[in-house]
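Student: Go by the hints and put chain D onto chain S.
Taken in order, these protein sequences are the chains called S and D.
Residue 31 is where the first sequence starts when you use this note's numbering, and the numbers rise one by one after that.
Residue 1218 is where the second sequence starts when you use this note's numbering, and the numbers rise one by one after that.
Rather than coming from a laboratory, the hints here were simulated on the basis of the structure.
All values derive from a computational prediction rather than experimental measurement.
Yeah, the Cβ is synthetic: ideal placement off N, Cα and C, and Gly gets one too.
Incorrect hints may appear among the rest.
[What the hints assert, rightly or not] Derived list of chain S stretches under chain D, where covered just means 3 residues or more per stretch with a C-beta under 8 Å from a C-beta of chain D: (1) 187–197; (2) 207–213.
[Stated by the list, open to error] Across the chosen pairs, the derived CB separations fall in these ranges: (3) P265(S) - A1568(D): 19 to 25 Å; (4) L274(S) - R1518(D): 43 to 49 Å; (5) R1565(D) - P134(S): 56 to 62 Å; (6) V1678(D) - L274(S): 37 to 43 Å; (7) T199(S) - L1515(D): 38 to 44 Å; (8) P1510(D) - R225(S): 53 to 59 Å; (9) P265(S) - P1673(D): 30 to 36 Å.
[Said to hold, decoys possible] Cβ-to-Cβ under 10 Å is the rule here; a few derived chain S residues that face chain D: (10) S160; (11) P200; (12) M201; (13) P249.
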Amino acid sequence: MRIALFADIHANQQAFAACLAQARELGAARYVLLGDYVGYGADPEWTVTTVMDLVDKGAMAVRGNHDNALGAPNETLNLEAKVVIEWTRNELGPAERQFLTALPLTLSEDDRLYVHSDASKPSRWRYVTSPDDAAQSLFATTARITFCGHVHRPQLYTVGPGGSVTAFTPMTGSPIPLLPGRRWLAVLGAVGQPRDGIPSASYAVLDTARRELIYCRAPYDVEEAAARIRKKGLPGSLADRLALGK
Amino acid sequence: MTMAKPLLEVGATIDGFRIEQCVHQGGMATLWRVSRPDTTIPMLMKAPKVAEGGDPAAIVGFEMEQMILPRLGGVHVPKIIAVGDFALQPYIVMEALPGKSLYRRLSDLPLPYAEVAAIGVKIAAALDDLHRQHVIHLDIKPSNVMFRPTGEAVLVDYGLSHHEQLPDLMKEEFRLPFGTAPYMSPEQLLGVRNDRRSDLFALGVLLYFFSTRVRPFGESERMAGMRRRLWRDPVPPRQLRPDYPPWLQEIVLRCLEVEPAWRYPTAAQLAFDLSHPDQVKLTKRSERQQRDPLTVALRRRFNKEIKLSIIAPGQATQISSAPIVAVAVDLAEGSLPLNDALRTAAARILATLPSARLACVNVLKLGRVTLDYSLDEQGRSKQIDRLVALRHWAEPLKLEQQRLTVHVLEAVDPANAILEFVGANRIDHILLGARQDSLLRNLLGSVSAKVAAEAPCTVTVVRPARLGDNGHAPSPAEAGPAGPAGPH
Chain S
31 MRIALFADIH
41 ANQQAFAACL
51 AQARELGAAR
61 YVLLGDYVGY
71 GADPEWTVTT
81 VMDLVDKGAM
91 AVRGNHDNAL
101 GAPNETLNLE
111 AKVVIEWTRN
121 ELGPAERQFL
131 TALPLTLSED
141 DRLYVHSDAS
151 KPSRWRYVTS
161 PDDAAQSLFA
171 TTARITFCGH
181 VHRPQLYTVG
191 PGGSVTAFTP
201 MTGSPIPLLP
211 GRRWLAVLGA
221 VGQPRDGIPS
231 ASYAVLDTAR
241 RELIYCRAPY
251 DVEEAAARIR
261 KKGLPGSLAD
271 RLALGK
Chain D
1218 MTMAKPLLEV
1228 GATIDGFRIE
1238 QCVHQGGMAT
1248 LWRVSRPDTT
1258 IPMLMKAPKV
1268 AEGGDPAAIV
1278 GFEMEQMILP
1288 RLGGVHVPKI
1298 IAVGDFALQP
1308 YIVMEALPGK
1318 SLYRRLSDLP
1328 LPYAEVAAIG
1338 VKIAAALDDL
1348 HRQHVIHLDI
1358 KPSNVMFRPT
1368 GEAVLVDYGL
1378 SHHEQLPDLM
1388 KEEFRLPFGT
1398 APYMSPEQLL
1408 GVRNDRRSDL
1418 FALGVLLYFF
1428 STRVRPFGES
1438 ERMAGMRRRL
1448 WRDPVPPRQL
1458 RPDYPPWLQE
1468 IVLRCLEVEP
1478 AWRYPTAAQL
1488 AFDLSHPDQV
1498 KLTKRSERQQ
1508 RDPLTVALRR
1518 RFNKEIKLSI
1528 IAPGQATQIS
1538 SAPIVAVAVD
1548 LAEGSLPLND
1558 ALRTAAARIL
1568 ATLPSARLAC
1578 VNVLKLGRVT
1588 LDYSLDEQGR
1598 SKQIDRLVAL
1608 RHWAEPLKLE
1618 QQRLTVHVLE
1628 AVDPANAILE
1638 FVGANRIDHI
1648 LLGARQDSLL
1658 RNLLGSVSAK
1668 VAAEAPCTVT
1678 VVRPARLGDN
1688 GHAPSPAEAG
1698 PAGPAGPH
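Extracted from the complex, chain S is given alone in its bound form:
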């Protein structure tokens, strides 16, 4: 079976729609959503109702720090993110807000763990940006594969019998065999606000039969997404950075 995994959609309708369409073409039969559905982008309502619909049909979804901030005004966010979350709160109905803030921090399925930030302290929203960060997460769980987002840059970590952690920057579209003899931490890139210098939307597809992970990119209408951010009166820098992928 092929599972499509999405992280950090951040209310970017154009990006998320492009990813969903491409994933369907790749034969994805199941969806996993790794949090941060809102914040930064101009279309929180469309995004959250789409996610709710997917969850209704069996998708798995966990909560991200931006989603959490809707219900926890003390959540530490940068200034721009705070501005957008205040705006988002009014864009969403009570049902949508309730849906997001009630999502679990982690979910497990077979030998896999889904979490927004990392497995060691999901509610602390730690960033995994180095092999040492990855080691903390890898040693905090018995799951063979952990999927997370939060960093907005795709990266893959693995720990083998020797105990040292290898970091790898994946190539788009090149399947990576997740060898069963070792454990893996897959940090997904962002759907809605990539920060690895490539503007196209980032997500991943796991082929459970072949035990292969494919990091994917979906090109989308960046200008439209940026124009909508400006039109809604959100900070212009959030629109500008989409075209730069950072």
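Tutor: Then chain D, alone, in the frame of chain S:
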């Protein structure tokens, strides 16, 4: 019933494979001959040594093979039949290649120069194929080179290899460089695992060894001994064998350059030189009779700059930036405008790719009825005339000598001759002109159309600029108004 761990021993059956015989017990892995009722080709099962307290490199090396081998294809790699589950019993079943590895030839060394070059061409061709599949072997040595009955080299053992699109488990797991001491490149000793030219260094060691019976950097496995190759140049082969051909010394010493940038940029370019000894551009390397004086070597040893420049990251784009470009030049009368256009097109490509090389090709057509193949006096001078004419054609390009070769092919069918040349020399891109004379084209068939249809590489068909007065160019009236096309 409990799931017992399957035993690897003669007579046992694992996933349908019956273990027939142990054929090799190495430090890292064991090889068994296996059979399966539905399969007739001979097969080998490779299993890592995973015993308690065993070498962890054995496991990681095996994991790398499990990742890399199923992704490879082609004649230069053993065909994979099955990969076993690591959790139960890790193994790889692959085709068993007939014959023995190149290791068996060690007692025959030194080999004749032509044979060394022929072996070198085959290994370089295999490396080129491997590199194009994003794999750097990093353990090229005689025991890892086999041959198919059809002659192609097959490279085995990918336990130390690096795949440019997969995580490198070896790099992080082990701080010490892994490889085979006599063949390891200087950059490998420094921990660099992503430079394709490391394989060319190892092949250079093999060529040196096979042509002189001496290993250029000895056999020391101690770090200090291995590191000598960073600053101490090898004894020039000509000092060991006075009749050593300068072209071969040029090639071998270029492979053994400490700086990867001074070696061949690609395995294809190395194969090209090995298959065209008469076209190898000889430099000071080919003349060397002695090593550098010790004072010079010692200065190198303590020169930090050299050590640093080696560590500069290897380029994954080496092949695409160092292609072999061929151009088919028709020297018949009346081809001048076309040949100018060909030169312009070649110049544009070469200008952007400083490591690209150009092979100029002309076909000397043999009549179908001419069975006399031997070059008579007249034929030989015709050959030389054409070689001179090709050099003359290329002269305005002002290429350095080592970037230019000229070739006259003799053939009944020019298109086939060009296609053969393209295939045998791993040409990346061929330029050729479209014959303008429609009568000739009807009589002879279009060479460019056939090459464009059948060549395994990029083909550019060049036409001379339209002159506007030969009836081909549309007149202004026919062409319609200038400007952007409207929505008609």
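Student: Is the interface hint satisfied for P249(S)? The criterion is a beta-carbon contact with chain D at less than 10 Å.
Tutor: 21 Å, violated
Student: Given the hint of 43 to 49 Å, is the C-beta distance from L274(S) to R1518(D) inside that range or not?
Tutor: Check passed, 46 Å falls within 43 to 49 Å.
Student: Please check whether P200(S) passes as an interface residue: C-beta within 10 Å of a C-beta belonging to chain D.
Tutor: 8 Å, holds
Student: Look at the Cβ atoms of R1565(D) and P134(S) and judge whether their distance stays inside 56 to 62 Å.
Tutor: At 59 Å between Cβs, range holds.
Student: May I ask you to test the hint 53 to 59 Å on the CB atoms belonging to P1510(D) and R225(S)?
Tutor: 54 Å, holds
Student: Has the hinted range 30 to 36 Å been met by the Cβ atoms of P265(S) and P1673(D)?
Tutor: The hint (30 to 36 Å, Cβ to Cβ) is violated, given that P265(S) and P1673(D) are roughly 53 Å apart.
Student: Just to make sure I understand the rule, a stretch counts as covered if three or more of its residues have a C-beta closer than 8 Å to a C-beta of the chain. Does the region 207–213 of chain S meet that for chain D?
Tutor: holds (count 5)
Student: Is 37 to 43 Å a correct range for the gap between the Cβ atoms of V1678(D) and L274(S)?
Tutor: Taking Cβ atoms as reference, V1678(D) and L274(S) lie about 40 Å apart, which means the hint holds.
Student: For the restraint on S160(S), tell me whether the closest CB of chain D is nearer than 10 Å.
Tutor: 12 Å, violated
Student: Okay, T199(S) versus L1515(D) on CB: inside 38 to 44 Å?
Tutor: 40 Å, holds
Student: For P265(S) and A1568(D), compare the CB-CB distance with the range 19 to 25 Å and indicate the outcome.
Tutor: Taking Cβ atoms as reference, P265(S) and A1568(D) lie about 45 Å apart, which means the hint is violated.
Student: Mind checking the CB of M201(S) against every CB in chain D and telling me if the closest is under 10 Å?
Tutor: 5 Å, holds
In summary, the structure is inconsistent with hints 3, 9, 10 and 13 from the numbered list given earlier, while agreeing with the others.
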